[in-house]
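With these hints in hand, go ahead and build the complete structure from the sequences.
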Amino acid sequence: MSHVHDVAVVGAGPAGLAAAVEAAEAGLGVLLIDTAGQPGGQYWRHYDRIHARPEDRIGHHDWPVFTRLRTRLDELAAEGRIRYLPGHQVWLITRDAEGAFTLRVTAATSTSATAGRRSGDADPTTLAAHALILCAGGYDRQLPVPGWDLPGVLTAGGAQALLKGHRTPAGQRAVVAGTGPFLLPVATGLARAGVRVAAVIEANATVGWLRSPAGAVSAPGKGVEALRYAASMLRHRIPYRTRTVIREVLGDGRVEAVRVARVDGDGRPTGPDEEIAVDLVALGWGFTPSLELPLMLGAETAQDTDGSLVVAVDDSQRSSVDGLYVAGEATGVGGATLAVQEGRLSALAVAADRGHPADPARTRRLRAAVRRARRFAAAMHRTYPLPRAWPDWLTETTLVCRCEEVPYADLRRAHHDLGAEDARTLKMLARPGMGWCQGRVCGLATAGIAAWLGGRETGVDDLRPLATRSLAVPVPLGELAALAEETTPAEALDEGGRNGD
Amino acid sequence: MTHHLSFRGVTVAAEPGQSVAAALIAAGITDWRTTGKGGRPRGLFCGIGVCFDCLITVDGIPDQRACLVAAADGMRLGDAEPGADVEPGADFEEAGRTGGEDVARA
Amino acid sequence: MSVDLVVVGAGVVGAASAYFATLAGLRVVVVERGAIAGGTSSAGEGNVLVSDKEAGPELDLALYSQRIWREDLAEHGDLWEFESKGGLVVAASEQGVASLRALAVHQRRAGVEVRDVTRSELPDYEPHLAPQLAGGAFYPQDAQVQPMLVAAHLLRLARAGGAQVRTRTEVTGFLRAGDRVTGVRTSSGDITAGAVLNAAGTWAGGIADLAGVHVPVLPRRGFILVTQPLPARTIRHKVYAAEYVGDVASSDAALQTSPVVEGTAGGTVLIGASRERVGFDRSISVPAIGTLAAKAIALFPMLREVRAIRTYLGFRPYCPDHLPVIGADPRAPGLWHACGHEGAGIGLSAGTGKLISQALVGQRTDLDLTPFAPDRFPPAEEAPR
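Chains as they are written, first to last, in my numbering: chain Y, 4 to 504; chain W, 2 to 107; chain V, 2 to 386.
Keep in mind that the hints were calculated from the coordinates and are not lab data.
All clues given are correct.
Residues of chain W placed beyond 10 Å of chain Y at every Cβ, according to the derived structure:
(1) Phe8
(2) Gly10
(3) Val11
(4) Thr12
(5) Asp74
(6) Gly75
(7) Arg77
(8) Gly79
Pair ranges (Cβ atoms, derived):
(9) Y/Glu82 to V/Arg169: 54 to 64 Å
(10) Y/Gly83 to V/Arg311: 30 to 40 Å
(11) Y/Asp464 to W/Thr35: 35 to 45 Å
Every residue, glycine too, gets a C-beta built ideally from N, C-alpha and C.
Below you can see the structure in the form of structure tokens.
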């Protein structure tokens with residue numbers, strides 16, 4: 004590796020974009036790495052910029068904030084102050100003796116590898132930086148339900164991404180189900196694209212942000228946003244069914260219907276089942292942050308109001324690990340506005356820690372904004388909790404882990420018969436979280452089941468083993484091999500190398 | 002210009018900028034692989050590269066995430082038999098019939 | 002409380018010992034500091050091997066364990082995915098093949114089944130092997146298990162026979178009557194016992210220290226790479242290069258890697274095996290996993306495009322003479338050991354458990370335990386570095 008960047012930013016969503024731009028403007032040399040081919044993250048996911056149409060921005064919040072950041076990114080990249088590496092994923096981060104971070108990256112797809120080669124820039128595999136701002140964002144939180152692995156069941160974010168990023172509605176007749184305010188833009192977005200949305204199925208009691216004055220007041224504009232969604236739901240005649248959950252997704256080879264039922268405050272069914280014919284089910288239970296990179300570096304964690312594992316940071320977004328800063332969803336799910344502020348704050352902190360002090364008034368203002376937004380996020384989390392008794396929905400054959408196809412019965416047996424008391428042992432004995440996605444999808448559920456079977460509330464010790472990944476993403480063995488010294492087959496297998504004593 | 006891709010002998014149209022997964026779904030194709038253990042059909046789930054449910058072979062390269070790969074004209078999409086065509090020319094079926102098991106257990 | 006036997010450690014060796022001791026009629030309590038099979042038992046490949054052992058006491062124990070796996074424990078084999086897949090050792094040069102043949106002569110004499118494999122026969126065993134290899138040897142007795150399932154089921158069966166398993170219970174000291182060990186002090190109370198078995202694996206030296214005796218068990222770190230799931234029977238046997246045998250027997254502290262590649266019931270392929278003496282350092286070593294990948298590709302070129310989805314590391318419990326410690330400790334009557342199996346503990350656990358239970362009830366053991374005597378090492382201060 005040739006050059007050690009002042010700071011590497013991982014993720015080009017709201018937090019990462021803001022952090023990269025702010026850090027570069029503070030005079031630091033910045034490396035920005037992102038999985039996607041273009042910036043914006045999940046929040047500002049949009050159609051390929053080269054083929055964009057004006058209507059693509061409809062339904063996007065704070066779009067001008069994004070376009071301003073993107074323009075600055077373009078300018079700073081052109082000036083050589085930001086090295087922007089899209090289409091790549093970090094699979095391992097280590098530290099050298101001097102404390103510099105070494106990032107190992109791999110192309111996100113075979114085509115992004117080709118694109119990297121085409122650009123004349125040798126496809127990078129190893130990069131380095133003195134400081135690190137991790138802004139890896141998050142994705143939909145999932146709870147298993149019978150039939151949720153049928154084609155036609157998508158995450159709410161997946162249905163949204165297909166629409167916003169690819170102008171493709173994922174079906175013709177949909178339900179959007181789970182909990183939280185995010186279900187509303189997904190439902191109205193689908194409806195605008197011509198999908199008949201049969202219902203939004205919300206497990207909790209109410210559109211709570213209107214009932215949570217403390218939170219709504221401290222986040223100006225959010226109350227207005229809620230009213231706008233309510234109006235849009237009305238316009239598209241989308242029924243909003245609260246205290247209701249999907250009990251089963253039905254279909255032969257693909258989704259044909261869902262069975263829904265009313266539930267009590269803990270999520271236990273109280274009413275009779277009712278069937279709704281659909282070909283698309285969008286599921287979301289709030290968001291879960293991507294934590295594999297901060298956990299790989301040993302950052303301390305905490306449990307947020309929504310039950311998610313998050314990285315513990317100080318009021319400058321510094322983690323417990325020297326030189327490691329974390330911003331955005333990984334420090335607590337709170338949306339794009341908060342993420343942008345945290346991204347800026349983290350960049351100012353890196354700059355200050357590396358000898359470029361920031362305007363103290365600006366830092367104070369950002370901190371105050373972050374505190375305000377955190378209060379609002381906490382109010383939202385309290386309004387839309389995971390139903391406490393959700394494991395009661397599972398049948399013996401419900402798949403908990405989609406990758407390894409592990410049914411709930413296997414987890415129960417591992418607990419009851421084999422003595423798997425904790426989440427790690429449950430994972431090792433029954434294999435949830437051991438497949439392609441390494442527990443990204445079933446991690447929360449497996450942790451929750453471990454706690455549920457053990458008769459305790461889900462805690463940090465349940466969540467951490469399922470959020471920790473030795474390799475952050477799958478990496479071809481050929482790329483791993485290239486990190487070792489060149490080895491010929493004859494050398495590799497040379498039995499002359501019997502170096503016994 | 003519309004791209005044309007092929008999937009199991011069917012031509013699938015894609016707008017420039019669409020992903021492989023979007024093109025398939027727009028064509029009414031909701032699953033494109035089966036699972037190793039239960040033979041269950043799978044297609045798009047998370048849509049953002051997290052879940053690896055949507056794996057597909059693209060131009061002979063297996064196990065690509067259909068949600069991340071941009072559709073391109075002339076692309077050949079095949080069933081994602083995980084790792085099945087990692088060695089060009091290898092025939093697993095044939096090898097399975099003639100191979101080591103008999104030798105090992107003879 | 003009072004029992005016949007306290008087993009310290011709920012890894013695979015402790016579980017096998019508890020299982021056979023319960024079968025032999027002893028009242029057993031297993032105490033475990035963490036969770037069941039949470040240490041080295043959760044970090045291996047599940048090897049049940051004879052192929053990698055030169056003639057001697059360890060090979061005798063491996064062959065004895067074969068019998069226990071295939072006879073005493075045969076009815077439970079499916080529970081822990083016992084697969085008699087066979088091991089294929091390959092060599093890149095004629096010279097390497099010659100030394101494989103020489104090793105086989107001694108192994109056959111000890112009772113190991115070995116088939117010589119010529120260069121042209123290699124593809125019949127493994128169609129994806131690199132074409133330029135010179136030959137190999139096939140060991141039909143080599144087998145594989147899922148080690149955590151072995152430990153968990155043996156403990157379940159022991160519990161069904163009356164044993165107790167106490168997790169999150171740490172041994173903090175020993176109860177003594179003069180020299181004699183009469184039980185353990187634990188983080189959740191004292192347990193008096195006729196005998197205490199130290200089956201604490203890589204941490205067994207610390208337990209021995211608590212009893213005032215020296216048992217030199219040291220950690221030898223190893224990494225394993227796990228690939229994406231591949232179609233069934235892509236890699237059919239345990240396949241490794243001849244140098245592995247040399248590395249296993251080595252005492253070098255520096256990183257050694259020898260390619261060991263095998264499929265699993267789940268479809269993933271496991272790639273080992275690295276060895277380094279770096280204490281209990283849990284950080285990922287890029288040279289170690291990079292070299293493992295490079296050497297696995299040298300064996301199976303098709304692995305180049307296959308992706309690793311995780312890696313894990315563990316600490317083999319290693320004694321200076323590479324032999325386990327099995328039997329009564331004359332320096333502290335009442336204290337027994339079953340530890341220090343290095344990288345072979347999964348395979349050797351079955352035989353170890355059976356032998357220790359025979360010794361505990363005063364039977365003549367099926368195998369002479371003298372080579373594994375706990376007091377065979379020089380005292381701590383004179384121990385070689």
